[in-house]
Structure formats: structure tokens, C-alpha cells
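Take a look at the letters that make up each chain.
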Amino acid sequence: MKSLALLFVSLTFALCSAAEAQTRTPPRPAPSQRPAINHRVFFSAGVLFQVNSNDFTDTATIRRNAENGQLETAYEVGGGLAFDASGSYLVWKNLAVGVGLTLFSASTKTTIDAQVPHPFFFNQPRSVTGEFDGDRKETAVHVQVKWLVPVSNKMLVTIFGGPSFFKVEQDIVNDFEYSESYPFDTATFTRAVAANQSESAIGVNVGGDVAYYFSPNVGVGGMAQYSGATVEMTLPSGTGDVKAGGFQVGGGIRLRF
Amino acid sequence: MKRVMAMVLAASALLISLDVGSAQQAPTLRFNATGNDLRVWDQFVTAQERAGALRVAQVVQDPSVPSRTVERLQQYYQGVPVWAAEVVRDSDRGVPVSIFGDLSAQADIDTQPGMTVEAATQRLLARGASGAVLLRPVTLVVLRQESGEPRLAYTSVVANTGQTFRVFIDARSGAELLRYSSIRKQAAIGTGRGVIGDTKKMSVRLQGGVYLADDPLRPPVLLTFDMRNNLIRALNVVFSGAPLFVSDLASDTDNNWTDVSAVDAHAQVGWTYDYYFKRHGRRGLDNRDRPLISLINAVSQQGAVTLPPELFDFAVNAFWCDDCGPGAIGVMFFGNGVPNGLIPGLNINPLAGSLDIVAHELTHGVTSATSDLLPTNEPGALNEAFSDMMGTSAEFFFQPVGAGIGQADYLIGEDSFRAVGGGLSGIRSLSNPIAFGDPDHYSLRFTGPEDDGGVHTNSTIPSHAFYLAIEGGRNRVSGITVQGVGAANREQIEKSFYRAFVFLLPASANFSTARAATIQAARDLYGTSSAAAQAITQAWTAVGVN
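Line by line, the protein sequences give chains A and B. Using the numbering used here, you'd call the opening residue of the first sequence number 1 and step up by one each time. Using the numbering used here, you'd call the opening residue of the second sequence number 258 and step up by one each time.
Quick caveat, the hints were computed from the structure, so don't treat them as lab data. This one's a predicted model, so the numbers in the text were calculated from it and none came from an experiment. Heads up, some of the hints might be wrong.
What the hints assert, rightly or not - Derived contacts from chain B toward chain A, CB cut-off under 10 Å, selection only:
| id | residue |
| --- | --- |
| 1 | L392 |
| 2 | G447 |
| 3 | G454 |
| 4 | T456 |
| 5 | K457 |
| 6 | N512 |
Unchecked claim - With a cut-off of at most 20 Å between alpha-carbon atoms, the simulated DMTMM-like pairs for lysine to aspartate or glutamate come out as follows:
| id | chain 1 | residue 1 | chain 2 | residue 2 |
| --- | --- | --- | --- | --- |
| 7 | A | K109 | A | D175 |
| 8 | B | K535 | A | D185 |
| 9 | B | K457 | A | E67 |
Yeah, the Cβ is synthetic: ideal placement off N, Cα and C, and Gly gets one too.
All chains, please: the whole structure from these sequences, using the hints.
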């Protein structure tokens with residue numbers, strides 16, 4: 001999280017420094033030749049691809065047959081498509097403030113690897129393995145400060161950053177069931193006992209957008225952003241950190257008024 | 258249904274055992290037919306079966322009484338099962354012995370549900386929390402409510418995190434009618450300290466808040482009864498067939514068992530069953546899961562001090578009696594030993610504490626069900642020897658190899674019979690029989706009448722051959738060296754002797770017959786010139802049996 005904040009601060013400084021350097025660098029272009037920002041309201045909507053995965057694992061001690069065993073769960077939360085939309089308003093010179101929304105959902109494959117104590121003997125656990133297909137949903141609301149850099153009348157570069165409010169819904173495997181029969185030397189996974197859990201956390205978003213307007217108000221754009229957070233979820237072993245979001249690239253429609 | 262009612266009323270007029278529920282709206286028909294009324298009730302059940310009001314749900318052969326067949330018949334009303342309305346008919350070779358029933362005598366409801374199975378599925382799922390699943394198919398039933406009013410209901414088992422329960426909903430309104438937990442608490446795994454201080458798991462049953470030494474997980478009935486230091490009662494049970502009750506079972510209130518005899522008898526009888534199942538594919542005493550009944554605590558250690566000599570064996574011995582116990586069910590008996598210091602140089606702890614003793618006694622039951630070797634002279638010695646061989650084999654199957662307490666070795670009973678002051682623990686040795694004064698060669702066999710012709714004494718001649726066939730070595734008397742199969746291949750010798758003693762030997766076999774049978778068994782299993790066949794041949798020759 002610290003590194004993300006640093007990145008955001010660095011980008012802000014870089015922008016300010018660039019603006020300052022621009023003021024010191026002669027010759028200054030004539031105001032009439034410089035692309036102007038003639039719009040105050042900006043919208044974007046599109047599809048992002050979340051590049052990274054947010055796999056996580058948990059190892060818990062379970063009590064079965066008067067002996068401790070182990071339950072390991074490994075969640076594969078891969079990348080995938082996300083819907084992203086934002087709106088912003090120009091408040092001063094090139095500075096705009098806005099709100100964004102990113103919705104991400106994916107199937108999560110959970111691998112269950114358990115050691116189940118034998119009912120008759122100590123230290124003779126049976127290995128039980130299985131899989132559970134669950135879901136992950138992420139809803140991120142971004143508060144964004146944007147710096148708009150018009151490259152031409154048709155092209156606009158935007159750099160943005162700010163805090164993000166994440167809500168993460170994840171199917172968590174809390175327990176499992178298995179079948180067994182005499183002499184109980186083996187056990188077979190039958191099903192996972194899972195529950196959907198929803199937790200929230202504050203994270204950060206930072207990124208850039210390049211838009212090309214083929215008409216005065218409508219254009220297309222591409223963007224890259226990092227928006228992520230770490231939520232605390234209740235896992236069989238106790239509470240654990242689960243990462244959400246990540247690096248996302250994509251594009252979509254751009255509107256300005 | 259009207260016919261059912263007519264028959265029910267007719268039957269109820271005839272039989273005293275009929276117990277029609279007293280409430281007007283609760284016309285339940287209960288009957289316990291075990292006497293003269295059996296024939297009438299059998300006719301009633303048969304008629305209902307023909308009419309389709311009773312349908313066979315299950316037929317099982319009673320494992321404890323092999324000639325018995327138990328039928329469970331489910332009641333139906335207009336093709337819909339009436340929940341928990343059943344008749345159980347126990348027959349001996351087709352002749353009814355008892356009939357117990359609990360039926361709905363009047364349903365009179367419309368059996369057309371007001372919702373589809375799909376709709377019912379959603380309603381049932383809604384009874385659980387988010388993510389709930391149904392573990393059983395959704396079934397339409399007639400549910401008898403506590404008021405007696407029958408209701409058409411859908412039912413299934415709903416499972417979600419932390420709970421599993423059966424729930425019934427009204428098949429028209431969807432309202433919940435009844436639910437109860439599907440989690441049965443009867444089976445439980447307890448722990449306890451045994452005679453040598455080790456901790457063992459115990460497969461027990463929870464009933465009425467008390468844990469009972471009744472193993473619900475292994476296939477046979479496996480019960481350990483606590484005679485609570487009442488020797489007279491123990492003798493009545495063993496020799497007069499006095500009945501045993503649930504209240505006689507060894508018990509514990511917190512499932513952390515402290516009675517060392519109960520822990521070891523219950524756990525190690527189970528282990529011995531496991532040994533036979535895993536090593537030899539055998540299902541217990543008779544290979545048909547005959548009940549395994551153990552009796553412990555007939556005499557306390559302190560009580561042994563004042564026992565008359567003729568009863569002292571009930572303190573310091575263990576035995577299997579094939580024809581003993583209620584209904585000649587067969588029982589194993591384990592003495593509790595005597596207080597330390599009573600016998601100079603030897604502490605005798607509860608005999609159930611030795612796995613080889615427990616397996617020895619259970620093996621006598623196996624022998625009774627198979628070769629049934631005569632209990633005297635050479636057949637008797639073979640009988641005892643086979644019990645020692647299997648007792649030792651069970652030790653090597655479950656315990657780490659070593660000479661310490663709770664370790665696998667070729668001593669018999671060393672975990673119960675503890676030498677004090679440097680002597681040798683145990684009562685016999687398969688590796689060095691002479692250490693206990695027992696013969697290690699046929700030329701040294703006991704020929705007197707005592708001990709039923711030396712059945713225990715002379716057992717060490719074949720059991721020493723068993724040892725030599727596994728471990729190899731030189732016989733002290735003959736000087737013949739045996740090339741054993743090695744400890745890693747002990748399974749070959751165990752299986753060869755098991756095959757010979759269980760399948761091949763006649764009841765009156767002598768040592769020479771045992772030699773031929775065990776060699777033949779090894780040839781059958783591993784080939785004529787196999788290492789096992791050669792080792793067994795050499796071993797018998799080394800102990801002087803040809």
C-alpha cells in the first residue's frame with residue numbers, strides 16, 4: 001500500500017514538475033497555438049482486463065477423531081475482464097475531480113487438501129483432496145484527482161489517482177465433507193462447505209488515460225491503472241489478508257461536454 | 258385404505274398387544290407381536306403387503322443370529338410413503354418370530370401436492386442459509402404431526418455451514434412443518450490411557466449423555482462389558498448365560514477414558530479384528546462378523562488377594578469361551594491381575610493391556626470357527642501355538658519393533674506380566690522358549706497329563722518353528738540353522754500358517770500334520786520352491802518335527 005501511495009505522490013510531483021519546467025522553458029508557445037481544454041465534464045466507460053491474479057491460501061488445524069488434522073485451501077483468483085466507468089469535472093486549469101467505478105467478477109477454483117485423522121489410530125491421517133468452484137466479486141469506487149494534458153484538440157492525456165473503496169465478495173471454504181468406510185484407511189472428498197463472505201477495505205487507484213476524440217464530444221480511449229486493496233477475511237485458520245484488484249488495462253468510449 | 262382400516266379394527270379387537278393411540282385425532286397403530294398373536298399379525302402384514310399399503314424397504318440377514326431374516330416394511334398411503342411408519346418382521350427360516358409395527362391407521366388426506374418438486378426444492382433451500390444445498394432428493398410424504406393430524410409434505414435434508422437438518426414443508430402452502438438435526442451423535446471417538454500408559458483411540462457410542470464401549474464403526478458387534486468387580490455376576494454371564502444389558506457396558510462420562518482395562522480390551526479387540534481383516538481378509542471370528550464380546554473387571558486387583566485358589570485364574574488369566582455367554586454368543590474374558598508385590602519378582606497388570614494376549618484369545622475364537630483343534634495334547638498345543646503366532650503377528654502389525662513396553666517382540670504377555678528385578682517379562686517366548694522352561698525341540702516335549710497334556714508348554718515347539726521361519730537362526734537342540742524369510746517378509750509366514758491352521762488342518766491334527774499343512778500352504782501361496790516353503794520346512798526340521 002505504501003508503495004502505491006508513493007507512486008501516486010511521485011506521479012503528482014512529476015506532473016507539477018513538468019508544468020513548472022514548462023513555465024521555465026523558453027520559448028513559450030503562443031497561447032493561440034496551445035491546445036486548450038474547452039470542456040468541463042468528462043465521462044469514460046469501458047472494459048478493463050485485470051492482469052494479475054490474487055491467489056491466496058489458508059492452512060487451518062481441524063479436529064477430527066480426537067486428533068488434530070489439517071485443512072489447506074488454495075484459492076486461484078485469476079485475472080479477467082472488469083467493467084470500468086468514471087466521470088470527472090474540471091475544477092481549475094487542468095485539474096479535475098471525479099468518481100469512478102470498477103466491477104470485477106471471476107470464478108475461483110479452490111483446491112482443498114486435508115489431512116484427516118484416522119478414527120482408530122493416532123498419527124495415521126488420511127489425505128483428502130478436492131476442488132470447489134466459487135465466485136469472487138469486486139466492487140471498487142474510486143475518488144479521483146485528475147490532471148488533464150491536452151496533446152492536441154483531438155487527443156487528451158489524463159493522469160489520475162486517489163483512494164478507492166473496495167467491497168470484496170468471496171466464497172470461502174470453511175469445512176468439507178468426506179466419505180469413508182471400514183477400515184477407514186482412506187477417505188474420499190464429497191463436498192466443500194462454503195459460505196459467501198463480504199468484506200470492505202480502502203485502497204488506492206492510480207493510472208493514466210489517453211483519449212482520442214473523433215468528434216467534439218465523443219472519442220475512444222485506452223487506459224492503464226492500478227487499483228487495489230487488501231481486505232481482511234475470516235478464514236478457517238482465523239483472519240487473513242486477501243488482495244483485491246490490481247493492474248488493469250483496457251479501453252472504451254470517452255465523452256466530454 | 259378403507260380395507261386397511263377394516264383389518265386394523267378387526268385385528269385390534271382380537272389382540273391385547275394392540276395400542277391404538279388414545280387421542281381421537283391420533284389414530285396410530287402400534288403393535289409388538291411376539292407370542293400367540295404372531296400369526297394374526299403376520300396375516301395382517303402379509304395382507305397389507307399384497308394391497309400395496311406396505312412395501313418391503315429392506316431385507317437383511319441378522320449377523321448375530323444367522324438363521325434370522327429381518328424385513329422392514331414401509332407404509333404407503335395412496336402411493337405416498339407415510340414418514341416413519343414401518344413394520345419390522347423378524348423371521349427364523351421363514352417363520353415369524355416377532356413383528357413390531359408403528360403405522361398410521363387413518364390418513365384420509367388429498368395426496369395431490371399444491372406445488373411442483375422444483376418449487377418445493379426452492380422452498381426447502383430457503384430454509385437454510387445462503388449457499389445451502391440439499392443432501393437428499395426432495396420426497397413427497399405423508400407426515401404424521403405430533404397432534405396426529407396427517408399432512409402432505411415435501412422433505413429433504415438441508416445442509417449449510419455448521420448444520421445439517423431434515424426439514425418438512427407443507428406440500429400446498431410451503432410452510433415449515435417440522436425440522437430436526439440430521440447429525441447423529443451416537444458414534445464418537447474417545448481416547449484413554451491403557452495399562453502401559455499409552456494413549457489409544459476408542460470407537461464408542463454416545464447414548465443418553467454417556468459414552469459406551471460399543472464400537473459402531475467396525476463391522477461386527479464389538480462390546481466391552483464391565484463386570485464392576487462382581488465375580489458372581491461375571492461367572493453367571495460366562496457359564497450360565499445370564500443376560501448382559503446396555504447398563505453393563507463399560508462407560509465413561511467425558512470420553513476421556515480412565516479405566517485401563519476398558520481402554521485396552523475395547524481398543525485392542527478392535528485392532529485384532531483389523532489385523533485379521535487387513536492381513537488375511539478375514540471378517541472376525543467366523544468370517545461373518547460374529548459379535549466380539551469382552552468381559553473385564555470381574556475382580557479388582559485388591560479383590561484378587563482374597564480370592565479362593567480355584568477362582569484365582571479369574572484375576573491372573575484371560576480366556577476365550579466359544580459356548581459361553583448369553584445365547585452361547587462366545588466371550589473373551591480378561592483378568593485384572595494382582596497388586597504389585599503380591600507375587601515376588603513379578604507384577605501382573607490387567608491382561609487386556611497386552612495386545613498379544615488379546616489377539617491370542619480372539620484367535621482361539623477363530624480356531625473354534627475353523628479347524629476347531631481339540632483342546633488337549635498335540636492338537637491343543639497347536640491351538641495354543643496358533644494363538645501365540647497370531648498374537649505376536651498382531652503386535653508386529655501395529656507396534657514398533659523393539660524390546661520395550663508396548664513394542665513388538667516374540668514374548669507373550671510381556672506388557673502385563675512385568676518382571677521385577679531383572680527377570681524376563683512375559684509368560685512364553687517364541688524366540689527362546691527355554692527361557693521360560695518351555696521346550697524348543699520336539700524331543701523335549703512335555704508328556705504328562707497336566708495342562709491338558711502340556712498344551713501351553715508344548716505350544717512353543719510349533720511357535721518356535723514359526724519364529725525360525727521368519728527370523729531364521731539356529732535351533733539350540735538340533736543345531737540346525739534355518740534360513741528365515743526375514744522380518745520384511747514376515748507376511749509370507751503369517752499367511753502360510755494362517756492358511757494351514759484355518760483352512761487345512763483337521764481338528765485332531767498333530768505336529769507332523771501341522772508341518773505338512775504349513776509347507777503345503779506356503780507352496781500354495783508362494784510356489785513349491787519358494788523361500789517361504791523352504792524356511793517353513795527347515796524350521797519344522799530344526800525343532801524336530803518331521
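task = Check each numbered hint from earlier against the structure, then list the numbers of those it violates in ascending order.
result = Going through the list in order, the structure violates hint 3 alone and respects the others.
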